Amino acid sequence: MADATTDATTDASVAPTSRPRLDVQGWSCCAAAAAGFVVCLVGWLRGGATVSLPWAPTLGVRLDFAFDGLAALYALLATGVGAVVFGYGARYLSQHLADHGRPRSERWRFWPWMALFAVAMVGLATATDLVLIFVFFDLTAVCSYFLIGFDRERREARTAALTALLVTIVPAVALLAGAVLLSATYGTFSVPELVERAEPGTTTTVAGLLIVVAALAKSAQVPLHFWLPRAMEAPTPVSAYLHSAAMVAAGVLVLGRVHPLLARSEVVLTVLLVVGLTSIAVGGVLALGRDELKQVLAYSTISQYGYVVTLYGMVGAAASGAAAFYVVVHAVAKCALFLSAGAVTTATGEDRLSHLGGLGRRLPVLAGATGVAAATLAALPLTGGFFSDELFFGAAKEQGPVLVVAAVLAAALTFAYIGRYWMRLFLGPTGTTPAPLSRVLVVPVVLLALVALVVGVLPAPITQLAEDAGAVSHAAPVALSPAYHLDLRATNVMALAAWTLGGLLLAVTGLRDRASRALAVAGDRLGPRRAYTASVLGLRRWSGRVHDWETRDLRSSIAAVLVPAGALAAAAFASTPIAQAYSVGPISGTDWLVLPLLALTGVATVVAARTRERLSIVLALSAVGFALAAVYALQAAPDVALVAVLVETMLTLVFLAALARLPGTEPRRESAPRAGRRWRDPVIGAIAGLGAFAVIWGYLSEPREAPSVSADQIRLTPAAHGKDVVTVIVADFRGLDTLGEITVLLIAAVGVATLLRRGRLWLPRPGRPGARRSSCGWSPGSCWDRASWSPSP
Amino acid sequence: MTLAIAAVAAVLFGAGSYLLLQRSLIRVVAGIALISQCAIVTIIGSSLSEGRAAIDPEQGGPLSDPLPQALALTALVIGMGTLALLLALVHRVVVAHGTAERDELRDVDRPAVVDPEGAGRREGDETE
Amino acid sequence: MTALSLALLVPWAAGLALVVLDGRRRAVGWVAVATLVATLAVLAVLAAAVLRRGAVEYVTGGWPAGVGIVLRADALGVTFALLSVFVVLVAAAAEAVVGVRERTFPGLLVLLAAGLNGLFLTGDVFNFYVFFEMSMIAAYVLTAYGAQRAQLRAAVIFASVNLLGSFIFLLAVAGTYRVTGTLAMSDVAVRIAEVPASAAVAVAVGFFVAFSVKLGLFPFHYWLPTVYANTRPAVAAVLSGAVANIGAYGLLRFGAGIFTDQLRFSATVLIALGGASIIYGGVLAVARRRPAEMLAYSAIGQVGYVLVAVGVGGPAGLAAAVLYSVVNALNKALLFLTTAVRGPLVAGAFVVGALSVAGVPPAVGFVGKLAVFRTAVDARSPTLVALLVLGSALSLLYLFLIYQREFWAEDDEEVSADADDARGEHTRSVSLRAIAVALALVLLVGGAWPEPLAALSAAAADSVATEADGATR
Amino acid sequence: MRVVARLLLGPSVVVAVALIVKGYTKVGDGFAAGMVVGLAVALNAVALGARGAEEALPVLRHAPRVAAAGAALALVSGFFPLALDEPVFSHRPGPDEKVVSVGTAELMTAVSFDVGIFLLVVGVVTVLVHQLADPDQEHST
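Order-wise, the sequence lines are chains A, B, C and D. Each number in our numbering comes from the position in the first sequence (counting from 1) with 237 added on. Each number in our numbering comes from the position in the second sequence (counting from 1) with 4 added on. Each number in our numbering comes from the position in the third sequence (counting from 1) with 420 added on. Each number in our numbering comes from the position in the fourth sequence (counting from 1) with 446 added on.
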């Protein structure tokens, strides 16, 4: 793939005339995002607003939106970073499509999803109803699915998309479950109301854990982190957006939104702390050893959101505010890093650190801007990163020594991997010579770097935003005071320690790389990704096996109905009292004539079941029918007896007529049955018969003492001007049944005609040649092909 | 009497079920026919009162329960319709497939042997 | 009363007329569509009346209830009637736009709708059976539509298994009359309470088996994959979106409305069977390569949710069962239709259907999922919640595996294209695509504004509860 | 056999009419009557073959129309009260009204419903028998 890109790039640079045309969709998305940013900014400065509209009152869900601090923060990120990314993407996508020889119309598979992504993020940021949150939460996942799978002709992209979909959406169901649990207990889906009502306890803990699972999967935290590095198959703008302001941020956004609830459970907080710290460690160590640019950044993201999760795991105003601050700074820096990585790959056709190097000389602007972004992650002074780490350290300090050490180690790790990344890329010997870069691919990086610098000098606006957002997460006012202090206060000492440690890590290359590789290998062997793959593949294998077994052994579908039915009947029989529930019933008068007829029926039935000759089957069937007709006559049911005789005669005639003309009438010797099969059918038949016996005898033994409705019918028959009650019932009382019954008969005739004569109820007049193929309707094309009607060869 | 009716119905149902399991489509049709007889004899058996045929009720005296008889009439007719249809269907199938053995009916589009392992390998692409 | 009668008469009369005409003429196909639209309109009027003033009820011939047949339109029946007629309408339109190929097809579809209307709107147990047979016999013929070998084989299996189910149902009807002495549902519901347990449970088992076969519930489902996968797409849509509703409706009407005690008695069994269906259908769908076959197994899994909801019961459970049935029918109708056509918009429609099945917003499916989750939480059962999550995961996996193979991976396309050609070729008909997209939009609108659906299903559950309450009083 | 079949047709119609007329007082109704006629037709078809029977009795050709007419008559008889805003299957004359009789036959809508059933059954049975007795026409030609 890398080679193909190289070729395409060189072609493009040789022939600059083939420069792609303006991407209208992309630029309009960019403009819309920018406009959205302005609107959000104005909205925030005006102090926000809330909207609450009925949505589905029956389900108890409302369209609750609040444009509070948290919403403002994430909405500004989604639109602001969105505008930058979209602008970058407008150029990048054209190049990407041209490189891969894909039509420009493919843009329609990209920009709508990007735009929807931004909208969903803003929606998620402002939603305060848990179901509404779930809706937007999944919407972002759906968008990311299509964007990650944008290069759908590549198998890796398809796999990555499916993984991302499964790993983020399935846990999202847990969010729904948690929401339902909370609403079942406290009667509302609204987060603010829940914050008022929810009390610490098992329900809150369980619901909190469920929500946390969804959020952590989305934020790519260990052990559900593996989808994110894979998702690097997406085009660069998607990755940049995904990592900085959209998909991954959605997870911590939800954490921030429901944090007052989570804070009511120690268990949940501990889980957050543990998962956050583990993610920092795992992501950081793995980022140290990665070779592919985007992979380094992906693991970096896992690690960085680990910081935020850890902060949410600590309780306190400082932690909540720091988390919000951290998200902003990280979004700016990470977005810049991704865009720069995309620019590098576009320019060189290379995506591996080992093949790159010394780019600083050729691409100084890019190197500088990327350097600022890397410094921001490394928390160097004069960048926003310094303050975010200062706040992080400050929050950790309040939690005790363990977290202080952990925080320092985490910062050192970050310093090391991002330092390695930048140095490998821009310093050292030149790896691949870059082609000239479009300015549109560089300017966004510079822009973001400038933002990071501005925050580093003037933190006040972002501080204000973070305080507002933190106030929502903490459910109380939050005050942050990031500033430079030239003294040896604890946070400064921690920062210095982190830089020193990080510098050491940068220096000891051998040990560092070995450790990272060892963890990567261990992860591949035992890690969650492997478990995921194994379970999916195992599932497919099992699915195939069970299906195979089903088609081979159970497709004789009728057995599969009879046996469970018999089992259910047996269960019913066993689970109800049977004492005196069954009666033999009295025998009187004509019954002595009925009994032999019933016996005859039984014999004929057995004959019908045993014989293989078609003719004898028909004869046995009619014997059954006539014997039963006689029974009906003796049971004082002359109408039924008459019709039964007529129907039986007719059926016998029809059977004979049809069988006589059935092709292949030679009764075939059934091939030797498999062992065990010989007895299977009779046993199943016996089970079915016994089940029927239990059920039928069961209810025949329970005649109701109260008069049946037929007493009324007998009484009313004269009023209906009739004497034969049965006929009156058929034609009058239950005439609707009769109408239905004859309709069935008519449909049957039509059906027979459909099957045997293409729906023609009667043959065309024999004298008219060609009459048969005449009436094919007005459009000859709609006629069924004659060939398909003859037996297929 | 109750027991006798139930027993005959059970025999009809059991034999019908047995026939439904057979490979020959003709016997499958016969099985449905027997099971429909089972249903009708059960309906008649579920009469609540015994007496003379329910004609001219003003004459007095106990009458047999007319309602199940009406139901049985309807069920008989429906049974006849479905049987005729099933017969035609079987006829059509026999013509199209050239066999009256159920197990020999194969979809034209389904390979006779399913190889889940092979399929698994080919499909592994999207998951690994 | 007029609307109730018209709901029966319109499709019945039109169906009888259409069935003797040559349905391959465009005009006949469109008259069928128009009839179904008219039926839908009548049902809408009826539904409005039912929702405003409660159940509409009268007895044929003006006789006392029980002597004549009680016709009764309550929220549950109207909901299912609307749903089923809508699905049949979609299928009829789908065939009408590409050209009906068999004379009797439009007429049979309309008669099927008439039968379904009848059985959803009757208050009489035996009358239910008659309408049930009326729709089923039409369905048997429709299954053979296309008359290729695959369809004929499907029709034989469909007919033989479902006839067995029908006769089991008839046996249960006979038992109902025997033990209660009446056929009117409301009277049966009252009198069944006094019947000794053994007989009542025996009858209830009969009904349960009959409806389970119709629904294709594990372990009664073995007929279903062959049938759904081999009939033509429009017919598969009707079978899974309209005919299968009989099973769901029957479970609700007979289980929750009439055999209330027996249902409570066997709730565990129902939930276990529902859970088994969810898992079994989901697991088997994962490795299917043909969309139609995957959908068939998916259908088995999806009805499991309905059964679980019925098993848990209570107002929330029944409402969830209704809601889920409606959503599921629409999903399946859409997805089966998309197997008939190709094109980018169809891919979009498939995605909407897939998301809906998996319960992912913005498609309406998530509303059903939400309702089912609520019942699971009401039942205080973590196992059930885990089961539902697992079911969602499975459905997501199999749907998107198929989606990627069908619509993304060009190199594999011939595989399934060949297979689907066997059921009738893939068309690229623009109108058919438009129908698929329109149906997808319905699902999206349902997801964006779920209140009508939620209110309707709540009312339906309420009507069942009223019936059951009337019985205990 | 052929002679018997032919001979049976006349009496069968008579029996059928009798069954229908007596229907409301004695055993039998439209359905049974239809079946009797249908049986005679079926016997003809089995004896002469479907084509032969049709040539012998050209009137059979109208069987589908008869069935349709029967269905229509039955439907109308059942649903006409709708126009009068009464429940369907409210037969006229109503329960306590006087019935006009011609001989033993009573003139009422219930009887017309029965006649509809009779016509439908005759038509359907004829169609069914002819289809099943001679199904291969389409495939062989």
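It should be emphasised that the hints constitute simulated quantities derived from the structure, not laboratory data. In this text, all values refer to a predicted model and were calculated from it rather than measured experimentally. Misleading hints may appear alongside valid ones.
To be verified - Partner residues are not named here, just some residues of chain C that face chain A (Cβ under 10 Å, in silico):
| # | residue |
| --- | --- |
| 1 | Val581 |
| 2 | Gly585 |
| 3 | Ile588 |
| 4 | Leu810 |
In this text, a Cβ means the ideal position worked out from N, Cα and C, and glycines have one as well.
**Study point:** Earlier hints that do not hold, by number
**Key:** none
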